[in-house]
Structures are given as structure tokens and as C-alpha cells.
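Protein sequences, first through last, are from chains F and S. FYI, in our numbering the residues of the first sequence are 1 to 112. FYI, in our numbering the residues of the second sequence are 113 to 538.
Keep in mind that the hints were calculated from the coordinates and are not lab data. Hints should not be assumed to be uniformly reliable.
Stated by the list, open to error - So the derived list for chain S, only partly shown, Cβ under 8 Å to chain F, looks like this: (1) Y128; (2) A323; (3) D393; (4) M396; (5) D439; (6) V443.
Don't be surprised by glycine CBs; every beta carbon is placed ideally from N, CA and C.
Letter by letter, the chains look like this.
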Amino acid sequence: MKLVTAIIKPFKLDDVRQTLSDLGVKGITVTEVKGFGRQRGHTELYRGAEYVVDFLPKVKIELAVDDEVVEQAIEAITNSARTGKIGDGKIFVTDLTQVIRIRTGETGPEAV
Amino acid sequence: MEQIAELGNSVAELSYALDTFYFLVCGALVMWMAAGFAMLEAGLVRSKNTTEILAKNVALYAIACTMYMVCGYSIMYGGGDFTLFLQGIVGDGVAGADEPATYAPSADFFFQVVFVATAMSIVSGAVAERMKLWSFLIFAVFMTGFIYPMEGSWTWGGEAVFGMFSLGDNGFSDFAGSGIVHMAGAAAALAGVLLLGPRKGKYGPKGKINAIPGANLPLATLGTFILWLGWFGFNGGSVLATATVDSANAVAVVFMNTNAAAAGGLIAALVTAKIVFGKADLTMALNGALAGLVAITAEPSTPTPLLATLFGGLGGVLVVFSIVTLDKLRVDDPVGAISVHGVVGLLGLLLVPITNPLTEDGGASFGGQLLGAATIFIWVFVASAIVWFALKLTMGIRVTEEEEYDGVDLAECGMEAYPEFTTTEV
């Protein structure tokens with residue numbers, strides 16, 4: 001089992017959710033986050049004084065998937081979240097040692 | 113004959129009733145300006161200071177109403193006969209008055225009292241995000257019970273300034289209070305801000321000015337619209353009557369010009385911000401509408417609609433440059449109150465002689481306006497500075513650095529405006 005964590009542009013969330021559902025992914029967790037990458041920040045203006053916004057708003061999605069679905073999930077996210085411009089985000093994949101469904105106590109791939 | 117006399121009486125009673133009703137409705141509109149100030153200020157501070165600025169706004173309104181009842185109204189309009197708790201105001205007229213009242217005296221008190229609250233509301237925005245709640249409220253007691261009523265007695269009250277000279281005789285005229293209410297509030301605010309110092313992080317080394325963006329621009333916009341609405345009562349009610357054709361016409365002109373000036377101020381400030389900063393700064397546009405309103409308040413009944421728009425526009429341009437200049441001088445005013453009400457309040461006074469020059473029937477002269485402005489400003493600034501300074505020496509006026517960092521909501525009110533992750537366990 002793997003944990004796929006993707007940082008994407010907020011307005012792409014709907015597309016990503018749709019392609020992941022089509023793939024049969026049973027659930028994702030979404031968090032509004034801020035950060036910087038190569039896109040860096042930008043300046044804004046308030047009452048004549050400029051200020052730098054260092055951290056841009058992004059959306060973080062997390063999903064636990066079976067090993068055989070990982071590549072498809074990555075491809076789905078990559079395709080649906082890409083605009084080709086700087087700031088499209090990143091995908092991190094980590095090993096998942098255990099998954100437990102709280103309601104039933106199921107563990108492992110059954111709980112994913 | 114008898115029937116004609118009876119008819120005359122009925123008309124007089126109807127006129128009394130109508131003027132009283134009009135006064136009360138206008139007073140209620142001005143009362144609603146307290147909501148406008150509360151929303152504007154809540155929108156332009158950071159979210160960690162929201163509860164405290166709202167607490168200040170509701171409390172100052174209540175204090176203003178109470179102190180004006182206790183002694184303020186009598187100082188301002190008592191004509192030297194000082195009484196406490198509105199003694200002398202009875203249902204059907206002021207006891208011992210020379211002429212019969214043309215509207216209910218209690219309505220006059222109600223209309224005047226909401227003006228005091230307006231003057232005090234101006235102060236809360238300028239000292240926001242760093243002043244101690246209770247020091248502010250104690251200042252409100254002095255401002256609404258004594259400082260404002262004193263200058264009010266020299267202007268609308270018709271008394272001589274400390275028995276020395278009369279402003280009215282010297283060609284001073286302020287229709288609804290550009291100077292008496294707005295500049296007075298700004299003078300008290302300026303004294304407070306100078307003794308208080310800027311918010312932490314507002315100004316950096318080498319003249320750097322840091323932006324501290326307000327948390328909620330929808331609230332600030334709503335507040336501006338509420339103030340705009342309330343201003344029809346502020347200026348419209350200051351005609352003091354509506355039950356004759358002449359006074360009804362005057363009221364209509366005042367409504368029209370007040371609205372025109374606000375529109376002119378908003379457009380002018382928006383365009384000025386776009387030219388000067390390159391972006392259409394909403395907060396400047398909001399300040400511009402208020403500046404237009406303040407600019408026309410000293411004389412909304414004599415300009416043409418076009419002139420009213422231009423006067424408002426002048427206020428809108430001036431307010432943008434005033435806000436930028438005060439920032440360069442390191443006078444930190446989070447909501448721009450000193451610029452909107454003080455600088456533009458002075459402009460409003462100086463515009464009066466253009467459309468209402470001094471004649472035998474009244475009006476204003478430039479000299480008289482300058483004398484009045486100087487009298488109001490010096491009195492309110494000095495008296496306020498003394499009170500602020502006394503508070504600073506005794507209980508302090510500024511929260512600690514740590515409290516300022518955490519937000520005055522927690523330090524002063526012990527609650528957040530937008531609580532998250534709360535639990536029931538203590």
C-alpha cells in the first residue's frame with residue numbers, strides 16, 4: 001500500500017477528484033495549504049504599501065491506494081492537474097505500513 | 113373665526129408632530145452609523161483584533177448616550193444653566209424657554225446624542241489593534257461627557273469660547289458638523305495615536321512602510337454603505353424641520369447633495385488610487401466615499417448637485433494623499449480616520465464660504481471658518497492629550513508587546529471572533 005500525497009492548484013481539484021473517482025479510488029482527503037516552490041510568491045498592494053505574499057494557496061490531496069493502482073493514480077493526477085505553467089505542484093509517494101478502518105477494524109488492503 | 117383658529121391650531125400641531133417624527137427617524141438613521149463604524153473598523157483590522165474593536169464600538173456608543181444624558185447635553189445646550197440628568201427637559205417643551213418648541217425636546221436630545229457617539233466612533237478606528245480596552249472607554253467618558261460638549265456649546269450651542277469671543281459672530285458656520293463632529297473626533301484620535309505609537313511591525317527601518325491588510329473587506333464595504341445611509345439622517349436631520357414647503361425642499365436638496373458628494377468622493381479616490389498606486393485599492397475607494405460625505409457635511413444645502421459632487425471629489429483626492437502622507441510621518445491610523453474626518457473635515461469647513469458666503473442673514477467667511485477650525489482642533493486636541501496622558505501615566509494605554517502579537521481579542525476580551533477547535537473541557 002502506498003500513500004499518495006499531491007500538492008495541486010486549487011482550481012484543478014474538481015478535475016482531479018473526477019479522474020480519481022473514475023479510476024475507482026474510494027476516498028481522498030483534501031486540505032487547503034500554503035507554500036512556495038519554484039513559482040515563489042508575488043507582491044500585493046494595500047493602501048499604497050506593497051507587501052510580499054511568500055506562500056501561495058494550494059490544495060493538498062491524500063489518498064491511500066493498493067500497490068497496483070499507484071501508477072494509474074499518479075498518471076490520473078498528473079494528467080488532470082497539469083496546466084503546463086509553473087506552479088502545477090508535486091506528487092509524493094510513500095510506503096504505508098498499515099491501514100485500519102475505524103468502524104469495522106478491518107486492516108490492510110481491505111481497509112483501503 | 114373660531115373654526116379658522118381651530119384649523120390653525122391643528123396645522124401647528126400637525127407641523128409639530130411631523131417635525132418631531134422626522135427628527136426621530138433621522139436620529140435613528142444616525143444611530144445606525146454606529147453599526148457602520150463597527151463594521152468598517154472590524155473589516156480593516158486583523159481577525160485577531162475583531163472582538164475587541166467590536167466591544168469598543170458597542171461600549172462607546174452606550175457610554176456616549178449615557179454621558180450625554182448625565183451632563184453633556186446640558187453643557188452643550190443648557191445656555192449656562194447646568195443641570196444633571198436632563199432635568200428641565202419635559203414632554204412638551206424645555207422649562208423656562210423663551211419660545212415654544214417646534215418639535216419635542218426629547219427628540220432634540222435623541223438627535224444630538226447620536227452625533228456624540230459618531231464623534232467618539234471616529235477615535236476607535238484610529239487607535240485600533242493596540243490600545244487597552246478600558247483606557248479607551250474611560251477616555252470615552254471624558255470625550256462624550258465634557259470635551260465634545262464644550263466645543264459644541266461654542267458652536268451649535270452659541271456660547272462664547274470661555275466667555276472670550278463668539279464663533280458665530282465671527283462668520284463661522286458648520287451645518288451638520290464637518291468640524292464640530294468629524295474634525296473633533298479626528299483631533300481626539302490624533303492625540304491618542306501620537307501618545308500610543310504605531311502598531312508593531314507597521315514601520316520598518318529606513319522609512320519602510322509595511323502593509324497590515326484588513327481581514328474582511330466585505331465587512332468594510334458593508335460598513336461604508338451603512339455610513340452612507342446613516343449620513344442622510346446626519347445631514348438631512350440637521351435641517352431641523354420638514355413640515356413646511358421651504359424646509360421640505362431644503363431636506364430634499366440636502367439628501368441629494370449628500371449622496372452626490374459621496375459618489376464624487378468614491379470615484380475620485382478610486383481613480384486617484386489607480387493613478388498613484390497602479391491598482392484600484394478598494395479601501396481607498398471606501399475612504400473616498402466617506403471623505404466625500406465629510407466634505408459636504410459643513411454645508412450640504414447651498415451647493416448645486418454638480419458642486420456637491422466636485423466638493424466630494426476634492427475630498428476623495430485629498431484623503432488618498434493624506435493617508436499616504438500620514439504613513440510617511442509614521443502616524444499609524446489603521447482605518448484612515450484622521451484623514452477622512454480630520455483633514456477632509458477641515459476641507460469641508462473651508463468650502464462653506466464658496467456657496468454660502470457671509471451676509472447679514474448668516475453664512476460663513478474663510479476667516480471665521482479658520483478661527484472655528486482652530487478653536488475646535490486646539491481645544492479637542494489639547495484636552496484629549498491631557499486625558500490620554502493621564503491615562504498613560506496611571507493605567508497605561510497600550511497593551512504589552514506579547515498581547516499585541518497574540519491579538520487584543522484574547523488579551524482584553526478573552527475570546528476570539530472566529531473560534532476553531534474549541535472543546536468543552538477547561
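Checked hints:
1. Y128: Y128/S check fails; min Cβ-Cβ to chain F is 48 Å, beyond 8 Å.
2. A323: holds (4 Å)
3. D393: holds (6 Å)
4. M396: holds (6 Å)
5. D439: holds (7 Å)
6. V443: Not OK, violated: V443/S not within 8 Å of chain F, min 13 Å.
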